[in-house]
Amino acid sequence: MNINLTMIGQLIMFAMFTWFCMKFVWPPIIAAMEARKKRIESGLIAAERGLSEHKEAQQKAQETINQSKDQAAAIIANAAKQASGMVEDAKSTASQEADRIKTQAHAEIEQESQRVRNQLKDQVSELVMQGVNAVLDKEVDPKVHQDMLGKLSQTL
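Per full-length UniProt numbering, the sequence shown runs over residues 1 to 156.
Honestly, I wouldn't trust all of these hints.
Said to hold, decoys possible - Pairwise CB distance ranges, derived in the manner of DEER restraints:
hint, residue 1, residue 2, range
1, 150, 92, 29 to 39 Å
2, 47, 16, 40 to 50 Å
3, 111, 76, 43 to 53 Å
4, 151, 116, 22 to 32 Å
5, 116, 91, 52 to 62 Å
6, 56, 16, 52 to 62 Å
7, 32, 67, 47 to 57 Å
8, 92, 58, 30 to 40 Å
9, 29, 64, 43 to 53 Å
Derived by calculation from the structure, the hints in this document are not laboratory data. Note that the Cβ used here is the ideal one computed from N, Cα and C, for glycine as well.
Go ahead and model the full structure; you've got the sequences and the hints to work with.
The following block contains the structure:
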(Lines of atoms letter the chains of each structure in order from A; the text may use other names.)
(Lines give C-alpha, C1' and ligand atoms only; values in the text may rest on other atoms or scores of the structure.)
Protein backbone atom coordinates (compact mmCIF):
# COMPACT_ATOMS: atom_id res chain seq x y z
CA MET A 1 0.00 0.00 0.00
CA ASN A 2 0.95 3.41 -0.66
CA ILE A 3 1.14 6.07 2.04
CA ASN A 4 0.14 8.77 -0.38
CA LEU A 5 -3.00 6.94 -1.39
CA THR A 6 -3.96 6.41 2.30
CA MET A 7 -3.34 10.05 3.02
CA ILE A 8 -5.48 11.16 0.11
CA GLY A 9 -8.26 8.77 1.22
CA GLN A 10 -8.10 10.10 4.73
CA LEU A 11 -8.09 13.65 3.41
CA ILE A 12 -11.18 12.94 1.31
CA MET A 13 -12.90 11.24 4.26
CA PHE A 14 -12.00 14.16 6.54
CA ALA A 15 -13.34 16.65 4.01
CA MET A 16 -16.58 14.69 3.70
CA PHE A 17 -16.87 14.42 7.46
CA THR A 18 -16.28 18.18 7.80
CA TRP A 19 -18.82 18.92 5.09
CA PHE A 20 -21.34 16.58 6.74
CA CYS A 21 -20.78 18.23 10.15
CA MET A 22 -21.00 21.73 8.66
CA LYS A 23 -24.20 20.87 6.79
CA PHE A 24 -26.11 18.76 9.33
CA VAL A 25 -24.51 18.88 12.81
CA TRP A 26 -23.30 22.47 13.28
CA PRO A 27 -26.51 24.37 12.38
CA PRO A 28 -28.66 22.74 15.13
CA ILE A 29 -25.85 23.16 17.67
CA ILE A 30 -25.34 26.82 16.68
CA ALA A 31 -29.12 27.41 16.77
CA ALA A 32 -29.34 25.81 20.25
CA MET A 33 -26.41 27.92 21.44
CA GLU A 34 -28.02 31.11 20.04
CA ALA A 35 -31.34 30.28 21.69
CA ARG A 36 -29.61 29.61 24.99
CA LYS A 37 -27.63 32.85 24.63
CA LYS A 38 -30.86 34.81 24.04
CA ARG A 39 -32.53 33.12 27.01
CA ILE A 40 -29.58 33.95 29.24
CA GLU A 41 -29.53 37.56 28.00
CA SER A 42 -33.27 37.95 28.57
CA GLY A 43 -32.86 36.39 32.02
CA LEU A 44 -30.08 38.85 32.88
CA ILE A 45 -32.14 41.77 31.59
CA ALA A 46 -35.14 40.57 33.62
CA ALA A 47 -32.92 40.19 36.70
CA GLU A 48 -31.58 43.74 36.28
CA ARG A 49 -35.13 45.04 35.76
CA GLY A 50 -36.22 43.08 38.84
CA LEU A 51 -33.40 44.62 40.89
CA SER A 52 -34.33 48.13 39.77
CA GLU A 53 -38.02 47.44 40.48
CA HIS A 54 -37.04 46.04 43.86
CA LYS A 55 -35.08 49.20 44.67
CA GLU A 56 -38.02 51.35 43.55
CA ALA A 57 -40.39 49.25 45.64
CA GLN A 58 -38.12 49.63 48.66
CA GLN A 59 -38.03 53.40 48.15
CA LYS A 60 -41.81 53.54 47.81
CA ALA A 61 -42.20 51.36 50.89
CA GLN A 62 -39.85 53.65 52.84
CA GLU A 63 -41.80 56.70 51.66
CA THR A 64 -45.05 55.02 52.67
CA ILE A 65 -43.59 54.16 56.07
CA ASN A 66 -42.42 57.75 56.55
CA GLN A 67 -45.83 59.09 55.53
CA SER A 68 -47.51 56.65 57.91
CA LYS A 69 -45.22 57.75 60.73
CA ASP A 70 -46.03 61.39 59.99
CA GLN A 71 -49.75 60.63 59.91
CA ALA A 72 -49.48 58.68 63.16
CA ALA A 73 -47.62 61.58 64.79
CA ALA A 74 -50.29 64.00 63.55
CA ILE A 75 -53.06 61.74 64.85
CA ILE A 76 -51.32 61.43 68.22
CA ALA A 77 -50.83 65.20 68.41
CA ASN A 78 -54.47 65.75 67.49
CA ALA A 79 -55.60 63.21 70.09
CA ALA A 80 -53.42 64.87 72.72
CA LYS A 81 -54.89 68.25 71.77
CA GLN A 82 -58.42 66.87 71.98
CA ALA A 83 -57.65 65.20 75.31
CA SER A 84 -56.27 68.47 76.62
CA GLY A 85 -59.39 70.27 75.42
CA MET A 86 -61.60 67.65 77.02
CA VAL A 87 -59.70 67.99 80.31
CA GLU A 88 -60.07 71.77 80.16
CA ASP A 89 -63.79 71.42 79.39
CA ALA A 90 -64.18 68.98 82.25
CA LYS A 91 -62.34 71.37 84.58
CA SER A 92 -64.54 74.24 83.44
CA THR A 93 -67.69 72.17 83.86
CA ALA A 94 -66.55 70.96 87.28
CA SER A 95 -65.75 74.54 88.32
CA GLN A 96 -69.15 75.76 87.15
CA GLU A 97 -70.86 72.88 88.95
CA ALA A 98 -68.86 73.63 92.11
CA ASP A 99 -69.87 77.30 91.89
CA ARG A 100 -73.50 76.32 91.39
CA ILE A 101 -73.41 73.94 94.37
CA LYS A 102 -71.66 76.59 96.46
CA THR A 103 -74.28 79.20 95.53
CA GLN A 104 -77.04 76.74 96.28
CA ALA A 105 -75.45 75.89 99.64
CA HIS A 106 -75.15 79.59 100.51
CA ALA A 107 -78.81 80.09 99.60
CA GLU A 108 -79.83 77.11 101.75
CA ILE A 109 -77.70 78.39 104.63
CA GLU A 110 -79.26 81.83 104.28
CA GLN A 111 -82.77 80.32 104.24
CA GLU A 112 -81.97 78.18 107.25
CA SER A 113 -80.51 81.11 109.18
CA GLN A 114 -83.59 83.22 108.29
CA ARG A 115 -85.84 80.40 109.49
CA VAL A 116 -83.86 80.12 112.74
CA ARG A 117 -84.05 83.91 113.23
CA ASN A 118 -87.79 83.83 112.72
CA GLN A 119 -88.10 80.98 115.22
CA LEU A 120 -85.99 82.91 117.71
CA LYS A 121 -88.12 86.03 117.18
CA ASP A 122 -91.24 83.97 117.75
CA GLN A 123 -89.77 82.47 120.90
CA VAL A 124 -88.62 85.87 122.16
CA SER A 125 -92.05 87.31 121.38
CA GLU A 126 -93.69 84.52 123.36
CA LEU A 127 -91.34 85.09 126.27
CA VAL A 128 -91.99 88.81 126.14
CA MET A 129 -95.71 88.23 126.04
CA GLN A 130 -95.44 85.94 129.04
CA GLY A 131 -93.38 88.61 130.80
CA VAL A 132 -95.85 91.28 129.85
CA ASN A 133 -98.76 89.19 131.02
CA ALA A 134 -96.98 88.64 134.29
CA VAL A 135 -96.34 92.38 134.65
CA LEU A 136 -99.89 93.21 133.62
CA ASP A 137 -101.25 90.91 136.17
CA LYS A 138 -99.44 92.98 138.80
CA GLU A 139 -99.94 96.42 137.20
CA VAL A 140 -102.98 97.38 135.27
CA ASP A 141 -101.85 100.80 134.04
CA PRO A 142 -102.54 100.79 130.26
CA LYS A 143 -100.25 103.73 129.47
CA VAL A 144 -97.17 102.12 131.03
CA HIS A 145 -98.10 98.89 129.42
CA GLN A 146 -98.35 100.57 125.97
CA ASP A 147 -94.93 102.28 126.40
CA MET A 148 -93.30 99.01 127.28
CA LEU A 149 -94.77 97.27 124.24
CA GLY A 150 -93.63 100.16 121.97
CA LYS A 151 -90.07 99.99 123.26
CA LEU A 152 -90.05 96.22 122.93
CA SER A 153 -91.31 96.32 119.34
CA GLN A 154 -88.63 98.87 118.42
CA THR A 155 -85.83 96.68 119.75
CA LEU A 156 -87.05 93.70 117.78
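Hint check results:
| no. | hint | in the structure |
| --- | --- | --- |
| 1 | 150 - 92: 29 to 39 Å | 57 Å, violated |
| 2 | 47 - 16: 40 to 50 Å | 45 Å, holds |
| 3 | 111 - 76: 43 to 53 Å | 52 Å, holds |
| 4 | 151 - 116: 22 to 32 Å | 25 Å, holds |
| 5 | 116 - 91: 52 to 62 Å | 36 Å, violated |
| 6 | 56 - 16: 52 to 62 Å | 59 Å, holds |
| 7 | 32 - 67: 47 to 57 Å | 51 Å, holds |
| 8 | 92 - 58: 30 to 40 Å | 50 Å, violated |
| 9 | 29 - 64: 43 to 53 Å | 51 Å, holds |
Violated hints for the displayed structure, listed by number in ascending order: 1, 5 and 8.
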